Amino acid sequence: MPKNRIIITSGKLFYPGHSLHQKTISICVEDGIIQQISESKIEENNAKVFDARGCEISIGRFDLRCHLGDPGYEYKEDLESGCMAAAAGGYTGLAVQPDTDPVIQTKSMVEYLNRRSASVLPLIIPVGAATQDLKSEDITEVFDMYQSGARAFSNGDHSYKSGGSLMRLLQYSSSVGGLIMSHPIDHHLAGEGMVNESETTIHTGLKQQASLAETVQIAKEIEIARYAGNHIHFSHISTADSVELIRRAKKSGYDISCDVSIWHLIYNDTSVLDFDSNFKMNPPLREERDRLALIKGLNDGTIDVLVSDHHPQNIENKALEFDYAAYGAIGLQTLYSLYIAHLEDEISKELFWKITTVNPRKLLKIEVPEIAVGMPADLIISNPDEEWQFNKKSNFSRSMNSPVWNQNLKGKCVLAMRGEMLSTF
Amino acid sequence: MNRLSTKHLVGIKDLTPDDIHLIFETADNFKQIINRPIRKVPSLRDITIANLFFENSTRTRVSFELAEKRLSADVVNFSSSTSSVSKGETLIDTVKNILSMKVEMVVMRHAAPGACVFLSKHIDAQIVNAGDGTHEHPTQALLDAFSIREELGDLNGKKILIVGDILHSRVALSNIYCLKKLGCQVKVCGPPTLIPRYISALGVEVEPNLMKGLEWCDVANMLRIQLERQDIRYFPTLREYTMQYGLTLPMLEKLDKEILIMHPGPINRGVEVTSEVADSDHSIILDQVENGVAIRMAVLYLLAAQKDVNA
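The listed protein sequences correspond, in order, to chains A and B. Every letter in the first sequence is one number past the one before it in my numbering, and letter 190, counting from 1, is 190. Every letter in the second sequence is one number past the one before it in my numbering, and letter 265, counting from 1, is 1265.
Keep in mind the hints are simulated off the structure, nothing from the lab. Every value quoted in this text rests on a predicted model; they were computed, and no experiment measured them. Among these hints, one or two may not hold up.
[Unchecked claim] Below, a sample of chain A positions facing chain B; criterion: calculated Cβ distance under 8 Å: (1) Y73; (2) E74; (3) E197; (4) G205; (5) D255; (6) T270; (7) L320; (8) L422.
[What the hints assert, rightly or not] Think about it this way: if two alpha-carbon atoms lie no more than 20 Å apart in a straight line, the pair counts; the simulated EDC-like pairs of lysine to aspartate or glutamate are: (9) B:K1040 - B:E1089; (10) A:K23 - A:E350; (11) B:K1181 - A:D276; (12) B:K1096 - B:D1074; (13) B:K1013 - A:D276; (14) B:K1180 - A:E199; (15) A:K410 - A:E344; (16) B:K1007 - A:D274; (17) B:K1121 - A:E199; (18) B:K1096 - A:E316; (19) B:K1013 - A:D274; (20) A:K220 - A:D241; (21) B:K1121 - A:E316; (22) B:K1187 - A:E199.
Idealized CB from N, CA, C, for every residue including glycine.
If we strip away everything but chain A, and leave its shape as in the complex, we get:
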């Protein structure tokens, strides 16, 4: 007899390519394994039943770029709080950035994350540091970390300052495996610029950063990657010129990929005119034409993945003068709602599904969950019409640095499930 029998009834399956895509189905899961999928009623004896009428059933999302602060910054976020926020946002998998304290740059640190993640709902994929202490000098033991479960390597929110170091990293890791992720900013050109350089931000007196700082770095790293014969992935690209550069390079056969953050798709640099530090992002929010180019880039396949870029900051680091405030915003719990509110007309549901579920997993070469009998359950139920407010009561993160704090939102994940772990919201 199964110990744990769960039945989800009358939800509409959203899984493009699946034979039951867009059909109203019921699913029976026993001890974390899908046992039955049916368009008709499933016998409910002794099962926990979730009524999914009006809701969508889908596989869980995967976030390719988030910061959880564990270890070292648990006062901003720890693995448990970050994972609850993620599950409430419909995520069943996360690639966690290495810029913690200490930095995730050894086998033992990767194993620490593996151990800690045994008790959380989402699958945690550690992203190991690409260079020692993220300094862009000596490369880390990527082989050892890969063997322990790291599936990507990055410098966190530090750019590869040394082309030579990046080249050796790409060359060396080509025989190891793992996605090499880049935060592409030429730090000399960026200087201390914290807002986009534009006709808009000139009114703020804040230090400006030309979009050139990003584009130049991407151009350089594309060529280094080609020379090294390895794939490179650009994180949270933000400018129209970057999109065009990557589009052309992809057409010419370069082995590259990239992602964009939800914030750069819904806001532009007019958001900083009020000096609200919740809009202080790295890279900065750019012009409207950049925002539109990013949406176009997603639609034509230039941009592969949509990320939350979840970056928790405690109030002491964030509720400050713009100059002194830390970068970033929390995003895991609200990404789906923001898609519904701002992007449904620009990005189709099919594409949103693909860039938040399939593509990130493919880039990390991990399995894409299936909704099929005999497979482990990895699914979420979302109610696109449910209205809620993102506030102290509903927030699962330890931080509250969000541009949509205390705002009313629509669209909510009501259940997340991976294997035997299940949370309802």
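Since the structure of chain A is provided, determine the placement of chain B on it from the hints.
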């Protein structure tokens, strides 16, 4: 129309041309008053003003304090050469502590752009910006425009050249807003590395050549080179800066007209202007300083009147 349209003075950007004219007219009266034998008026009696200077300042702080005292306000001063953050206390905490001592108005100078906007969202007191980083310095712009008006009359159509470090200058930004609102034509002149790329969005033109700029303008405002605000080198040496953008008396004598020379102070003599120019009849630098007190009295007086309306 004898009320301002704003509760705070965080920047010229928020003022209407009517606001600026009202401040000027009020300052006209105060200028007469401060030149009388009895220079003090009771307008702000029982109003407490805190001068919070988180960045070094001598003339602006003294000018505000004098303005406040001539209006009979009670004044408390807080100066800290380091930012509040580095002392372990946030700006909000510092200011809330001071406000709990029942202060109605805050005059603040701060190194962070937007610090006054930030503060205005967190506290109830009225805020006057005395310079926030590279953002705005509204009372400086008002006193500059007031000084030009005193010499040349109506500002509409007047040609103003602003010379120097435009990129790091709050005086430049506030001056541009103010002068444009009053109908002036404005050009900026300085090393291309110190001119913001999108300066034309402010409705001004760039004149790379100082002599040509002087030939064009009615007034030249020579900004201080603020080495302390430059994190990297934007020009090779001060010597070379002066060779291209330093104003000398022979240059003024070559012109076939008289122009006014301004400087927000403190002057680096021999850099932006030579001593001969600073001390010449062209210069209205000391008038600017005198007008600063009258303008600040007008601003404080009009903002205090706002509070009565809101109460």
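Going down the list of hints, with the structure as the test:
no.: 1; hint: Y73; result: 19 Å, violated
no.: 2; hint: E74; result: 21 Å, violated
no.: 3; hint: E197; result: 6 Å, holds
no.: 4; hint: G205; result: 3 Å, holds
no.: 5; hint: D255; result: 34 Å, violated
no.: 6; hint: T270; result: 13 Å, violated
no.: 7; hint: L320; result: 6 Å, holds
no.: 8; hint: L422; result: 41 Å, violated
no.: 9; hint: B:K1040 - B:E1089; result: 37 Å, violated
no.: 10; hint: A:K23 - A:E350; result: 15 Å, holds
no.: 11; hint: B:K1181 - A:D276; result: 26 Å, violated
no.: 12; hint: B:K1096 - B:D1074; result: 18 Å, holds
no.: 13; hint: B:K1013 - A:D276; result: 18 Å, holds
no.: 14; hint: B:K1180 - A:E199; result: 17 Å, holds
no.: 15; hint: A:K410 - A:E344; result: 12 Å, holds
no.: 16; hint: B:K1007 - A:D274; result: 16 Å, holds
no.: 17; hint: B:K1121 - A:E199; result: 25 Å, violated
no.: 18; hint: B:K1096 - A:E316; result: 16 Å, holds
no.: 19; hint: B:K1013 - A:D274; result: 12 Å, holds
no.: 20; hint: A:K220 - A:D241; result: 14 Å, holds
no.: 21; hint: B:K1121 - A:E316; result: 17 Å, holds
no.: 22; hint: B:K1187 - A:E199; result: 17 Å, holds
Checked against the numbered hints above, the structure violates hints 1, 2, 5, 6, 8, 9, 11 and 17; every other hint is satisfied.
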